[in-house]
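Turn these sequences into a full structure, and let the hints guide you.
Protein sequence lines, in the order shown, are assigned to chains A and B.
Following our numbering, the residues of the first sequence are numbered contiguously, the last one being 311.
Following our numbering, the residues of the second sequence are numbered contiguously, the last one being 327.
Don't read these hints as lab results, they were simulated from the structure.
Hints should not be assumed to be uniformly reliable.
Stated by the list, open to error - No farther apart than 30 Å at their CA atoms in a straight line, the calculated lysine-lysine pairs in the DSBU-like style are these:
1. K172(B) / K26(A)
2. K190(B) / K322(B)
3. K133(A) / K61(A)
4. K76(A) / K133(A)
5. K26(A) / K13(B)
6. K9(A) / K244(A)
7. K26(A) / K244(A)
8. K9(A) / K172(B)
9. K105(B) / K9(A)
10. K76(A) / K244(A)
11. K172(B) / K193(B)
12. K263(A) / K133(A)
13. K13(B) / K190(B)
14. K105(B) / K52(B)
15. K175(B) / K9(A)
If you want the building blocks of each chain, they are given just below.
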Amino acid sequence: MNGLSLGEKLFIQGGIAQDLRSDGRKRLTYRPIYVETGIIPQANGSARVRMGGTDVIASVKAEIGRPSPVQPNKGKVSIYVDCSPTAAPMFEGRGAEELSTEVSVTLQRCLLGGKSGAGAGIDLSSLIVVEGKVCWDLYIDGLVVSSDGNLLDALSAAIKAALSNTGIPRVHVAAEASGEDQPELEISDEEFLQFDTSGVPVIVTLTKVGRHYIVDATSEEESETSSAVSVSINRKGLICGLTKRGGAGLDPSVILDMISVAKHVSEQLMDRLDSEISASTITCSIRQCHMWLGNVFKLLSSPATQIEEGM
Amino acid sequence: MRGLQLPLTQTQKVRLQRALEKLEALLSKANSNASVTVADTIPVNYDDAFLKGHGTTEHNGEVVATVCGVVERVNKLIYVRTLRARYKPEVGDIIVGRVIEVAPKRWRLDINYSQDAVLMLSSINMPDGIQRRRTAEDELNMRSIFEENDVLCAEVRGFQHDGLHLQARSQKYGKLQRGQLLSIPPYIVKRQKQHWHYLEEYGIDLILGCNGFVWVGEHVETKDEMLVDQDKPESQTSKTNDYSMSLESREHTYTPLETRQNICRIANAIRVLSMLGFIVTIEVVMEVVNLGVSQNMDTHEMLGSEFCVLVAEREAERRSQKRTRGN
Chain A
1 MNGLSLGEKL
11 FIQGGIAQDL
21 RSDGRKRLTY
31 RPIYVETGII
41 PQANGSARVR
51 MGGTDVIASV
61 KAEIGRPSPV
71 QPNKGKVSIY
81 VDCSPTAAPM
91 FEGRGAEELS
101 TEVSVTLQRC
111 LLGGKSGAGA
121 GIDLSSLIVV
131 EGKVCWDLYI
141 DGLVVSSDGN
151 LLDALSAAIK
161 AALSNTGIPR
171 VHVAAEASGE
181 DQPELEISDE
191 EFLQFDTSGV
201 PVIVTLTKVG
211 RHYIVDATSE
221 EESETSSAVS
231 VSINRKGLIC
241 GLTKRGGAGL
251 DPSVILDMIS
261 VAKHVSEQLM
271 DRLDSEISAS
281 TITCSIRQCH
291 MWLGNVFKLL
301 SSPATQIEEG
311 M
Chain B
1 MRGLQLPLTQ
11 TQKVRLQRAL
21 EKLEALLSKA
31 NSNASVTVAD
41 TIPVNYDDAF
51 LKGHGTTEHN
61 GEVVATVCGV
71 VERVNKLIYV
81 RTLRARYKPE
91 VGDIIVGRVI
101 EVAPKRWRLD
111 INYSQDAVLM
121 LSSINMPDGI
131 QRRRTAEDEL
141 NMRSIFEEND
151 VLCAEVRGFQ
161 HDGLHLQARS
171 QKYGKLQRGQ
181 LLSIPPYIVK
191 RQKQHWHYLE
201 EYGIDLILGC
211 NGFVWVGEHV
221 ETKDEMLVDQ
231 DKPESQTSKT
241 NDYSMSLESR
251 EHTYTPLETR
261 QNICRIANAI
271 RVLSMLGFIV
281 TIEVVMEVVN
291 LGVSQNMDTH
301 EMLGSEFCVL
311 VAEREAERRS
321 QKRTRGN
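Next up, the structure:
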């Protein structure tokens, strides 16, 4: 993207100062959020989140693995984000590497909790199958399809939606193995366990431009950023993670102010996200219903059944 | 739905589909035989000599379209004018571009075309407004006229040996400030008599660049600009100091809130139209703005799906009315 001219920069700054941004939003208004779940059939859970021009996909893949010897009673979760070169010209080649590592690390810090796995948004002990031997490894992958600012918030929303869409197959331990042997497992194809996502936080990024801060900055507004604070907040209103980007210093009182604003905004965001997730789950199940009905019709109209009827 | 990506509820989806179907029905009556899709046969009189132009190929002895679009015939030449194509400059087009490089005696501009355009120092009116030779000193001071990343308005002059040339030989052309630049698909901007619009009731300048760049900004009196430009040395220094001024003093120079509201409204109206892929003209834009006002929509709500559906319905209604009046 080209830079902005001085006139445009001043216009954006003026808009933020006057509480009317270039697309008519107020400082603390989000762009319309659109959530679609279950878009990748091969994954255990997936979601696509669009906020204006920003478009991200998150998928969750569960695999059987071994828990680490340090924490025998916990499963493993890893988060990785990739920026598609089609999203922006600057992402071509290795241009996106820095950004994807930065975003991945931030998301890991905000969602995965401490080294011991305690306090994570995802309950790691629910991923255990046989203590010390078998657990589920969750691979959460994010893909930035198109970037128009505020990637972190969109990715956290997508991950939350994907996790709420995730079904982990029920595992039946056939034979309890003794000693070092791995137990025999039967993985069910029909029964899925839903995930408890109430503890998964959302990230609210407050971008400081001039003397004011805004949520959901577009890429043009981000180019005017002096510093940005990302706060991840869960349902209970507790802060799970805090990241600051940008070199400019912030007064501690401003940070406290930002946190309280972020907390307030996160409640609205969480409600909106939840309603969007439930709405998209309904359309998803309607789509499945349609597919199922379509298959039934196909079966009914296929020659084999007609012959049977004829007989 | 033409790649329209909106969070629609079921009723909105049905309404939008109905509106689009209505629009399509109106269209197909207009020119059904002239438009082709890929692999459609183009009827040709084989006895006459003809030339295959852009978007056509010969397949099994028939002329076949290789792109979607409208068949155009110029004498012997047969070609397909694509419906969704990159901007192709024509001489005299009013365009909005962004400076990407200051080169010897010229500026290079991004104008949404496959090449960059060239604006020569000799093809602009100097800020003092006098026709005179461009000296070496002028060449050194080029950055004081247009800098990198500046947005400006110019006219397509034509193709020269070294690329596409632009000119800005009038006070109405030149640098655009205090406003926002929108980028929309160029095929929804039709060439018209007038591309500058001064919306008096809003105090806004709207430039619908043929290249799909649209400028919405505060109105600037062309006359005033000349006066300002006459005492150029002072105004230049004050302009460069603008950015380094303290925040407090900069706040006084901000666009007034009411004007800004109007700029945002008009910009969002154009965004909605480009989302739906409707032709952007001043009449349609104003209609969308008025629709937003009459629906008591907040400016940012104009980008929501409900308003989009409303605009589509209104457009279908408008076109069908126009049709009945025409008949």
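Tested hints:
1. Taking the CA atoms of K172(B) and K26(A), the gap is near 33 Å; set against the 30 Å cutoff, the hint is violated.
2. A C-alpha spacing of about 18 Å is found between K190(B) and K322(B), which places the hinted pair at or below 30 Å, so the restraint holds.
3. For the hint linking K133(A) to K61(A), the alpha-carbon distance of about 20 Å falls within 30 Å, and the restraint holds.
4. Note on K76(A) and K133(A): the hinted pairing holds, with a Cα-Cα distance of about 13 Å set against a maximum of 30 Å.
5. Pair hint K26(A) plus K13(B) holds up; C-alpha atoms about 28 Å apart against a cutoff of 30 Å.
6. Between K9(A) and K244(A) the alpha-carbon distance is near 23 Å, which keeps this suggested pair within the 30 Å criterion.
7. Between K26(A) and K244(A) the CA atoms are separated by roughly 23 Å; this keeps the pair inside 30 Å, and the hint holds.
8. With a CA separation close to 22 Å, the supplied pair K9(A) and K172(B) stays within the 30 Å bound.
9. For a cut-off of 30 Å, the pair hint linking K105(B) to K9(A) stands: about 27 Å separates their Cα positions.
10. For the given pair, K76(A) sits about 27 Å from K244(A) by alpha-carbon distance, which is consistent with the 30 Å threshold.
11. For the given pair, K172(B) sits about 15 Å from K193(B) by alpha-carbon distance, which is consistent with the 30 Å threshold.
12. Using a Cα cut-off of 30 Å, the hinted pair K263(A) and K133(A) is violated, with the two alpha carbons roughly 40 Å apart.
13. A hinted pair counts as satisfied when its Cα atoms are at most 30 Å apart, and K13(B) with K190(B) qualifies at roughly 29 Å.
14. Taking the CA atoms of K105(B) and K52(B), the gap is near 41 Å; set against the 30 Å cutoff, the hint is violated.
15. Proposed proximity of K175(B) and K9(A) is supported: the alpha carbons are some 14 Å apart, at most 30 Å.
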